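Number of protein chains: 2
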Amino acid sequence: MNKPASQPDPYLRVVKRFSLAAKLEAAGDMLNWDANVNMPKGGAWARGEQMAAITEVSVDMIGSRAAADELGEAEIMAGALEPGEQADLREMRRKWAHASAAPAELQTEKARMAQTLQSLWVQARADNDFKSFAAPFTDMLGLIREIAAAKADALHTTPYGALIDEFDPGVGEAMIDPIFDDLAKFLPPTIAEVAERQARWPAIVDPGPVSEDRQAILSKRLTQAVGIDFNHVRIDQAPHPFSVPHSPGDVRFTTRYDIDNVRFGIMATLHEAGHSMYEYNLPRDWAFRSAGVARGASAHESQSLSLEMMAGRSREFLGFLAPLMAETLGVAPAATTYDNVLNIWRRLDNDYIRVEADELSYPLHVILRYRLEQALMKGDLQVNDIPGAWNELFQKLLGRTPPTMGQGCLQDIHWSAGLFGYFPNYAMGSMLAAQLFERATADDPTILPSLGRGDFTPYFNWVKPRVHARASLVDFATLVSEATGRPLGTEAYKRHIQKRYLDEAGL
Amino acid sequence: MNKPASQPDPYLRVVKRFSLAAKLEAAGDMLNWDANVNMPKGGAWARGEQMAAITEVSVDMIGSRAAADELGEAEIMAGALEPGEQADLREMRRKWAHASAAPAELQTEKARMAQTLQSLWVQARADNDFKSFAAPFTDMLGLIREIAAAKADALHTTPYGALIDEFDPGVGEAMIDPIFDDLAKFLPPTIAEVAERQARWPAIVDPGPVSEDRQAILSKRLTQAVGIDFNHVRIDQAPHPFSVPHSPGDVRFTTRYDIDNVRFGIMATLHEAGHSMYEYNLPRDWAFRSAGVARGASAHESQSLSLEMMAGRSREFLGFLAPLMAETLGVAPAATTYDNVLNIWRRLDNDYIRVEADELSYPLHVILRYRLEQALMKGDLQVNDIPGAWNELFQKLLGRTPPTMGQGCLQDIHWSAGLFGYFPNYAMGSMLAAQLFERATADDPTILPSLGRGDFTPYFNWVKPRVHARASLVDFATLVSEATGRPLGTEAYKRHIQKRYLDEAGL
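The listed protein sequences derive, respectively, from chains A and B.
With numbering that gives the first Met the number 0, letter number 291 in the first sequence gets 290, and the count goes up by one each step, no holes.
With numbering that gives the first Met the number 0, letter number 76 in the second sequence gets 75, and the count goes up by one each step, no holes.
Don't take every hint at face value.
Because identical chains cannot be distinguished in the list, a pair is counted as satisfied if it fits within a single copy or across any two copies.
What the hints assert, rightly or not - Simulated crosslink set (DSBU-like; lysine-lysine; CA at most 35 Å straight-line): (1) Lys395 with Lys184; (2) Lys219 with Lys395; (3) Lys15 with Lys184; (4) Lys109 with Lys395; (5) Lys40 with Lys463; (6) Lys130 with Lys219; (7) Lys15 with Lys109; (8) Lys463 with Lys395; (9) Lys377 with Lys498.
No lab work stands behind these hints, which were simulated from the structure alone.
Please read these numbers as outputs of a predicted model, since none were measured by experiment.
Okay, chain A solo, but in the shape it has when bound (with noise of 0.2 Å):
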């Protein structure tokens, strides 16, 4: 224990419990991160009873009666505890509640499940072939859905709720809803209008064919400008970017190469680099914890995005990335001119991949996805039905229609891990960059010029104290206002895409 001063027993007790199954829980983590970095494929139905074990044993530590009785016992005495270990304590019993709702057999079988699905999914994905997909989905989304329904009573949300709590508590639907009607209200017209002045850009000059020897040497310089520590970090190529939580001291994330298009790999890095910082800066002290996590999904992807977005694509950061992108691509000189790489970076897209997608249609995308997970946990739409409904909302949101289920309804690796309700963080993450970023800059006007010189470090000492060092301390509408002034909004993103993407839109 980290702070055994004063504490009563039965407190220590429960952690005890709770720090065990974590530690386990880790342990998958990372054996996740191998199964897509490293294992053979002859490994997935060992890797799958790996992790189905795992499950199976922590979810029982967590959601048994025992947990509940030592719960119920520190909950007593919680009045003599400092406020950070009664967070810790409700954080405890809101994990309690979620390993209890539902029978772990359930709990079991979706990690089963999920470690086949994902084999199966990167097939469909790579042939465009969702019948293959469509009837193992139709399993996992049956499992998907009963847990959903048993979690619901016990959390006295709807069962989409229920799904949301578990990777982003503090964000439901009734936070989600007005703040995603008027995106959709707001960024169709506003893509509309900053189309119509991009259109007299000059064309791209496109920086052509890269090695991945020589995007994973840009990727390791801006990882290392960021400020991660190289005996702390290592970086991988997976078929989906990803960073693994819960391993303090020990930050992984994975990338891709895409040798045709450099600017990808450079955006993933800055992605997942955000998404480790967040984690590498967690306080050691509160290390498997339950209040010692991340504060939920949607401050995590506010981290990311504040790299990826803001910071990423800053005219002082671009300032910075273009003549290292001159000195590490080897590509033409006229590629890696300031006023190209901004066209580049600043470029709407015309495309159908989220994680690819530019910073207007990036919200929108999650939109069609919570949209049609909302439809599919009500019953209002069946699997068989889900690349019409999918290239039907994408027409009318983005005004295109995917070409290929694999640009399509098959982009996404998260359904097939079983990850239901985890898509909306990724939108509202990029509000609570927006209304972080406004804010840092305007306490701190040395940040953006400090990128200009690739030094993130007045960034980090404004969001670490803020954000990465409250862990879940605190909750997420507390984290939120007490960072920026106000509850989570829209206002702040759209004065930030109205600023860089029409009022200092030239080039």
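Could you slot chain B onto chain A? The hints should help.
Below, chain B alone, put in the same frame as chain A:
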């Protein structure tokens, strides 16, 4: 469950418990691989916590009162079980005895300490600095002795015997001592006689430096020749070559490429590929079951040494290896003539490192460690006196004295990993490899000629049903006598040495 027909419930219940623990342990084995292959330095603390959690939970799961009760109930009904299931039950009872004998905190603490001590060992070995290693190792040894004493009571054996039993059930001091005494008498004069003959051999043409990339290509080719499907294997580099057990279908081993000594990487690859084939061929129906694992450390080592020593240094295999080296390594042609390769592989070494030792010196390296471990366990040797005792015994057995600690008592990872009682299997494995290979080549005269074409199929056709597929479904003594027609002894090994190094010793 794999064979549900007619199984009584109490057996199934205890199988479920032990399988769950086995899957957690398998997750731990994979994380240990990761710690050696991938983990950034800064991850050591968190990994220690994760490994300790896995140990704590699995030891509690299989060493608890509840496990004992379930075992007892299953044992009452054991008469109704099939022989394999009865063996499974006996193995579970043995695992229970190990897990329950010593307090769980001691075993958890040992796992945690091992994580730190391994990092210290890497540094100490690099610095030839035993002193910085001695104090933390003394703590580790104290823990090990405490655990061993508790287990000795529970298993009715010596403390050191109890440690051996954990890795190598059925191979105790009573079996080891006469074999090692015989070898300690036989080998030194035999080595002297062989050395005298080899003094007349031409000088070796050193292949010289070879890049890691070229060596890795050769390693892959050798692994394919041995017969491992690349959908099921990965080969990486780590300071100490090892194989990951308990991961059906996901076979991983590490090797090490010494740029100035290609022999080392080739030997390590064959050695670990031998271990991996054992794991690869274990019966999938019995995966994660207590009787489904390899029979023990000596049986495992017999499989690695069968490839590295018996097959790998045969005239036939070297006739395949020499042109493969010529094709892949890009060295001077004179270095890869058959005679020169035979000269390299058969030549007695005059060095200090166990894992690089020749076939005759190797058991003496092991006997040294075995006797030091016996003395450390009995309290006849203190940690600070290890370097002196090591060098004295090395001089006595091998006629020379290691010039540095890194080439002496700091060369092995085992003690830092808390592996005590593990070494003897390396030499017991030599005895079994010789005994199995003598019988295999007598039963099937095509085995050796096939090796000349790089074809291991006839060899594995012989050994798979007799060793691999039997897993732990029979005990060690039964496995050995049913496969070879007699109990384990030194005779086959001595005949092999006599034949290869004296009767047919010409170049």
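- Message: Run through the hints listed earlier and report the numbers of any the structure violates, in increasing order.
- Response: Violated hints: 2, 3, 6, 8, 9; rest satisfied.
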